[in-house]
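Work the whole structure out from these sequences, hints included.
2 protein chains.
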Amino acid sequence: MSVTAAKGFTAAGIAAGIKENGNPDLALVVNTGPRRAAAGVFTSNRVKAAPVLWSEQVLKSGQVSAVVLNSGGANACTGPKGFQDTHATAEKVAEVLGRGAIEVAVCSTGLIGVLLPMDKLLPGVEKAAESLSEHGGEKAAIAIKTTDTVHKTSVVTKDGWTVGGMAKGAGMLAPGLATMLVVLTTDADLDDDVLDKALRAATRTTFDRVDSDGCMSTNDTVLLLASGAAGVTPEYTEFAEAVRQVCDDLGQQLIRDAEGASKDIKVEVINAATEDDAVEVGRSIARNNLLKCAIHGEDPNWGRVLSAIGTTSAAFEPDRLNVAINGVWVCKNGGVGEDREKVDMRYREVHIVADLAAGAETATIWTNDLTADYVHENSAYSS
Amino acid sequence: MSVTAAKGFTAAGIAAGIKENGNPDLALVVNTGPRRAAAGVFTSNRVKAAPVLWSEQVLKSGQVSAVVLNSGGANACTGPKGFQDTHATAEKVAEVLGRGAIEVAVCSTGLIGVLLPMDKLLPGVEKAAESLSEHGGEKAAIAIKTTDTVHKTSVVTKDGWTVGGMAKGAGMLAPGLATMLVVLTTDADLDDDVLDKALRAATRTTFDRVDSDGCMSTNDTVLLLASGAAGVTPEYTEFAEAVRQVCDDLGQQLIRDAEGASKDIKVEVINAATEDDAVEVGRSIARNNLLKCAIHGEDPNWGRVLSAIGTTSAAFEPDRLNVAINGVWVCKNGGVGEDREKVDMRYREVHIVADLAAGAETATIWTNDLTADYVHENSAYSS
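Protein sequences, first through last, are from chains A and B. Sequential numbering of the first sequence, starting at 1, is according to UniProt numbering. Sequential numbering of the second sequence, starting at 1, is according to UniProt numbering.
Some clues are possibly wrong.
As the list claims (entries may be wrong) - Okay, the calculated bits of chain B under chain A, using three or more residues with CB under 8 angstroms as the criterion:
id, segment
1, 109-117
2, 209-217
Claimed, not checked - Below, simulated DSS-like cross-link-like pairs (lysine-lysine); rule was C-alpha separation at most 25 angstroms, straight line:
id, chain 1, residue 1, chain 2, residue 2
3, B, Lys158, B, Lys7
4, A, Lys7, A, Lys127
5, A, Lys81, B, Lys81
6, A, Lys332, B, Lys81
7, B, Lys81, A, Lys342
8, A, Lys81, B, Lys158
9, A, Lys60, A, Lys81
10, A, Lys81, A, Lys127
Bear in mind the hints are in silico, worked out from the structure with no lab data behind them. Even for Gly, the Cβ is constructed at its ideal location relative to N, Cα and C.
In structure tokens form, the structure reads like this:
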């Protein structure tokens, strides 16, 4: 299903030989129209990979005919040659599809600071184009995996139109966005400015609030392509909600597959003075290594939650803070609350509620525990 | 030596039974005069432990006669009862020494959110007072250990006067300050405003730039006590430099004993537009979990350095950044530099230089690698 669940799209995923282990590493998604409106959101890291710099230019026209994605190399910090390689990749896709290169978005993921093997990538584009199919969404989703253990897809179908998508990402997950490539497609008939509005609204409260390890990638890209093939123009709010649902589902899949994680942690900040305060506090808790280790050890260590809250500039009084872990209010009024022995930490999902007692705003950040497996994976895998 | 290297101080370290394993857990440092000027720097965490709230008030007078320190419990997030306990501890010290309670600073370290066993602590104060000695500095340094594997002391002796000190801290090390208790003493004859100036200048470039795990404690305290017993008033610059040296030495000892660490990482940011930029970039690099894992794996993964720099607001151009790891410029002009195979990562100290090519300012942040041992220690030890 994935990106080909919506009508008007074909996709392929093949092994071009970029990855030395022979796994699939090249995906192609093509909008067969009749429309080709598109929107994109990119990493806010100031060190941007060549494909991000290229695709940002492509998206300025609001038109995308195809997206080519490779795993096995991020093409980041690769200088002018890296940018030439991205450009050559777009040119190759344009050539085989009979489109203009400026309509071809490029995404790369993998090791930073290494040039892509263009002698393998360019023939791979031809091979991918030959295997394009209306059923190719699954294979495309598989070809963009790096340390992902599973491929991630999501589809929402409404009355006569569909939003579908695929995502990759398992580490370097943090706001703005994650090490994360996402392609969403829809057969709804919409202009690029509507797509852009819906996509930004959706990513702001989904991918931007997934923070696995606090590390922001150089390559993050989320694209939304509309073919118009369904011949339906949905109401904005209904469409925006469908996009949000797909983004939320894919974001959850990213967290559940985060490198080395054994716990998915939902950090819900309530009664904040502002939404910004709620997000700042949520991120501070989500990034606290000591707390993440404690959760790994199934220790409801609320003191580490309070010390994380204390580092923020959010409005709160220390002696009015309350913290619940899995439904037990272990901290009340900044001090000892209910018996921590009551907290059941056996399950994968852990729910932390931080009550700032300072207003009525709320935000939820998702993160993971910090584990020896995360350390092993990231000290052994050069990425 | 430690806090009793300077004349005019006695100290003791005993086992009061606060720690269940029977290890030393209570230290007392007494200024026997003739002067008792003092200065203090405290955590910038807004969630402050009871002893921090108390000692901040004590230091307002610029006079400290004694410092009582306990390990085995942080007395943080313990509400009004916790504050009463700190107050009762100061009263007890005042009583046994015949001083005023408002001249007694209190420091605590250990688990957050648990009340101290006052039935053990108060008799412990009496026991400590009985064993006060001009040679007690070492025992005091031992009694404040938590997960520290070694006790930390440092002494600088100049022409007729001395600055000495002790420190504890092994995790939750981050700016403003670390989970760190430090008591410095001097027999120089100086006013509290001079002590304050010298202490703030010293901590700004030493303890404040030690960032083991990005987590800021609720209990950090650095105290500097002057007895005047040497009868010498040194020049300010000479005194300030001696204080800086002791702080720097103790800060280095904290990093070398950080929980689970196998590498000490010196992050030196050069050619920054401002010192603030240099510190911001240094902290961002020092807190990047992916980089810290890579260093643990002896992988000179400069891409993770660049992605960390890219998250800051410092002045720089991505294509002018240079990065050296252990003397090899593995990244030049934002791209691939010298062969990363040349980097020798076998030794404990790792030196990362980030050249922002944007000015002439510099700053150095010290951190550690992220290891499975850190995870194990902090998922098993409730602190």
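Going through the hints against the structure:
{"no.": "1", "hint": "109-117", "verdict": "holds (count 5)"}
{"no.": "2", "hint": "209-217", "verdict": "holds (count 5)"}
{"no.": "3", "hint": "B:Lys158 x B:Lys7", "verdict": "holds (13 angstroms)"}
{"no.": "4", "hint": "A:Lys7 x A:Lys127", "verdict": "holds (23 angstroms)"}
{"no.": "5", "hint": "A:Lys81 x B:Lys81", "verdict": "violated (65 angstroms)"}
{"no.": "6", "hint": "A:Lys332 x B:Lys81", "verdict": "holds (14 angstroms)"}
{"no.": "7", "hint": "B:Lys81 x A:Lys342", "verdict": "holds (23 angstroms)"}
{"no.": "8", "hint": "A:Lys81 x B:Lys158", "verdict": "violated (58 angstroms)"}
{"no.": "9", "hint": "A:Lys60 x A:Lys81", "verdict": "holds (23 angstroms)"}
{"no.": "10", "hint": "A:Lys81 x A:Lys127", "verdict": "holds (24 angstroms)"}
This entry does not satisfy hints 5, 8, going by the numbered hints stated previously.
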